[in-house]
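Asks: Residue numbers (the UniProt record's numbering), protein chains in the order written: chain S, 1 to 368; chain D, 1 to 202.
Simulated from the structure, these hints should not be mistaken for lab results.
A quick note: this is a predicted structure, and the numbers were derived from the prediction, not measured.
Among these hints, one or two may not hold up.
[To be verified] Straight line, CA to CA, 27 Å or less: simulated DSSO-like cross-link-like pairs of lysine-lysine:
hint, chain 1, residue 1, chain 2, residue 2
1, S, K283, S, K2
2, S, K93, D, K105
3, S, K166, S, K191
4, S, K85, D, K105
5, S, K93, S, K283
6, S, K188, S, K166
Here are the chains, one letter per residue:
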Amino acid sequence: MKSRIEIGVLYSRSGSYQLVANACHAGAMRAISDVNADPASGIELVAIERDPGGNIDRYAPLCDEILRQSSARHVVGAVTSWSRKEVIPVLEKSGAALWYACPYEGFEANEHVVYMHACPNQHLVPLLAHVVPRFGANGFLLGSNYIWGWETNRVARDLIADAGGKVLGERYLPIGETDVSRLIEEIKATKPSFILNNLIGTSSYAFFAAYADLARDDPHFGPERCPILSCNLTEAELPAIGAAGNGHLSVGPYFRDAATATDETPASSFEASAYASVMVLAKVLAQNPDAGFAELSTAFAGTSFATPFGSITVDPQTQHATLPVEIGRISELGFERVSHIERVAPDPYLSRYDRARTFGRARLKVVS
Amino acid sequence: MSRAAHIPNLGGARAFVLHRPHATVGAISRQLQAIGLEVVDCWPELPAEALAADFVFFDVDLGFDQQFPWPRGAAPMPTIALIGSEAPGRIEWALAHKADAQLLKPVGNAGVYSALLIARQSFAARRQLADEITALQQRVAERQTIVRAVTALSGQDGVDDERAYAQLRALAMNWQVSLEDAARRVVALTEKEAGLDQSHRA
Numbered sequence: 001m002k003s004r005i006e007i008g009v010l011y012s013r014s015g016s017y018q019l020v021a022n023a024c025h026a027g028a029m030r031a032i033s034d035v036n037a038d039p040a041s042g043i044e045l046v047a048i049e050r051d052p053g054g055n056i057d058r059y060a061p062l063c064d065e066i067l068r069q070s071s072a073r074h075v076v077g078a079v080t081s082w083s084r085k086e087v088i089p090v091l092e093k094s095g096a097a098l099w100y101a102c103p104y105e106g107f108e109a110n111e112h113v114v115y116m117h118a119c120p121n122q123h124l125v126p127l128l129a130h131v132v133p134r135f136g137a138n139g140f141l142l143g144s145n146y147i148w149g150w151e152t153n154r155v156a157r158d159l160i161a162d163a164g165g166k167v168l169g170e171r172y173l174p175i176g177e178t179d180v181s182r183l184i185e186e187i188k189a190t191k192p193s194f195i196l197n198n199l200i201g202t203s204s205y206a207f208f209a210a211y212a213d214l215a216r217d218d219p220h221f222g223p224e225r226c227p228i229l230s231c232n233l234t235e236a237e238l239p240a241i242g243a244a245g246n247g248h249l250s251v252g253p254y255f256r257d258a259a260t261a262t263d264e265t266p267a268s269s270f271e272a273s274a275y276a277s278v279m280v281l282a283k284v285l286a287q288n289p290d291a292g293f294a295e296l297s298t299a300f301a302g303t304s305f306a307t308p309f310g311s312i313t314v315d316p317q318t319q320h321a322t323l324p325v326e327i328g329r330i331s332e333l334g335f336e337r338v339s340h341i342e343r344v345a346p347d348p349y350l351s352r353y354d355r356a357r358t359f360g361r362a363r364l365k366v367v368s
Numbered sequence: 001m002s003r004a005a006h007i008p009n010l011g012g013a014r015a016f017v018l019h020r021p022h023a024t025v026g027a028i029s030r031q032l033q034a035i036g037l038e039v040v041d042c043w044p045e046l047p048a049e050a051l052a053a054d055f056v057f058f059d060v061d062l063g064f065d066q067q068f069p070w071p072r073g074a075a076p077m078p079t080i081a082l083i084g085s086e087a088p089g090r091i092e093w094a095l096a097h098k099a100d101a102q103l104l105k106p107v108g109n110a111g112v113y114s115a116l117l118i119a120r121q122s123f124a125a126r127r128q129l130a131d132e133i134t135a136l137q138q139r140v141a142e143r144q145t146i147v148r149a150v151t152a153l154s155g156q157d158g159v160d161d162e163r164a165y166a167q168l169r170a171l172a173m174n175w176q177v178s179l180e181d182a183a184r185r186v187v188a189l190t191e192k193e194a195g196l197d198q199s200h201r202a
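With the rest of the complex left out, here is chain S (with noise of 0.2 Å):
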């Protein structure tokens, strides 16, 4: 007899990022149904949705309502960071723990929350390490108006500093703004090595649309000079983007290998890290169905969970999955692989930064 575990499952099915919060609930969907189709697991998971329809004010209260009408103590969810930190208040009023499978710009290490998809040193550093030796290190920062683009940028600045190049621009756009022909006329002007894209949703796929139409008026601004550079960027957004997407870069956990892909490889990292965190989840639960967020740190201790990326650990400390690092360039509806880093350990406030190792000297200057 299989125990019956609920779970809160909190995502926004529609609204300007609407793509991204679907990719995620397609991912826990599938994980808890692979897990109650287990013969093996031990438990049943139920369930729990509630949709705050992509309005910020909805998440705290819909939050509190999974975990007041069920027995929930966790829940998968939230896209935004501006959602996962309006939650975090109600989880330490209810002792609760939030599975939170979206890339974030760090600085964080909540003992309510699970991070399972990327932090800086798992997105951002290695991305531009990458393509400062190949591009150039002047950049141009482009974010939706919330701490996501903040803060990465802000990481961006130093580490575009550290590699000898400059800011020639910073610009943020309201959350589902679409009107990005200034951003374009700036880009246009200053002439940047890179543009490191840090806007979500419509907003990143107007600016995608604009900037092919840019490179068709002059060769500077073509993928193979002048690439758009994106953290949280994957397939599921792709449809949106279509050709415009071509040849530009991001950066994640994982990206879907079409060669060897079957029906039940995730189609992205954001479904493959809201599958993981199920998957971390009913493992732990299958130990202790009582575990709440106290014992998380004990139960990732010394413990290895399998996942779409394949065997990772959560750091008891941090709760921050180890997670492999891939550069992918878009082709098509997907991305080719362009580089891949085994196991890099979770470092969510850059404690163990290290200019010279990430930029190969001290200060790179690159000649482009």
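Take the given structure of chain S and dock chain D to it, following the hints.
Replies: What follows is chain D alone, placed relative to chain S:
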């Protein structure tokens, strides 16, 4: 001005937590270790090796001067006060120790990172200010020496005060020392040669 290191490399830094064994110590240690610091907890005294610490967190509720291997307010590193009771006497005591940041108890899941950054910056600013004040005080104290040097130089034939001062400045530049140091040398030379014929001076 050189660019400040923005990515705060706190990895491997050592923090001492001076607090009786309590859940507060656990909460602080957890956050510090997650950030990448080494943590040493101690009570009731800070050991001598705390002098080499990068940060010291100290309890205000039960703290007293003899716990520290330095005089009140003279900590050689950034310190963070752990305040539980907000009794005015205790806050006064924490102020006397010139804590660079504070953390209210009970300590939850956050707060340590911002306390570290605030403490580090305000400690650096405080130390820079203190160094500047010391340097200025030294210069003020040397005013009399400058007057004596100018008097000594203007004692020579046809040299008025203004020219003597200009001469002193030129000497300081030649010797590549501060005006005050140059004045001190001139005064010393003058005193040494006080018994000799002034006209033989170079």
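Asks: Measure nothing beyond the straight line between the CA atoms of K188/S and K166/S; if it is 27 Å or shorter, mark the hint as holding.
Replies: Roughly 16 Å separates the two Cα atoms, so the pair holds.
Asks: Does K191/S sit within 27 Å of K166/S, going by the straight-line distance between their CA atoms?
Replies: Given that 27 Å is the threshold and the Cα spacing comes to 12 Å, the pair holds.
Asks: Quickly compare the C-alpha distance for K93/S and K105/D to 27 Å and report which way the hint goes.
Replies: holds (17 Å)
Asks: Taken at face value, is the distance from the CA of K283/S to the CA of K93/S at most 27 Å?
Replies: holds (25 Å)
Asks: Is the hinted pair K85/S and K105/D satisfied, with a Cα-Cα distance of at most 27 Å?
Replies: With Cα atoms ~22 Å apart, K85/S and K105/D stay inside 27 Å; holds.
Asks: Need the status of pair K283/S, K2/S: alpha-carbon distance at most 27 Å?
Replies: Cα-Cα ~14 Å, so holds.
Consistency with the previously given hints is maintained throughout, with no hint failing.
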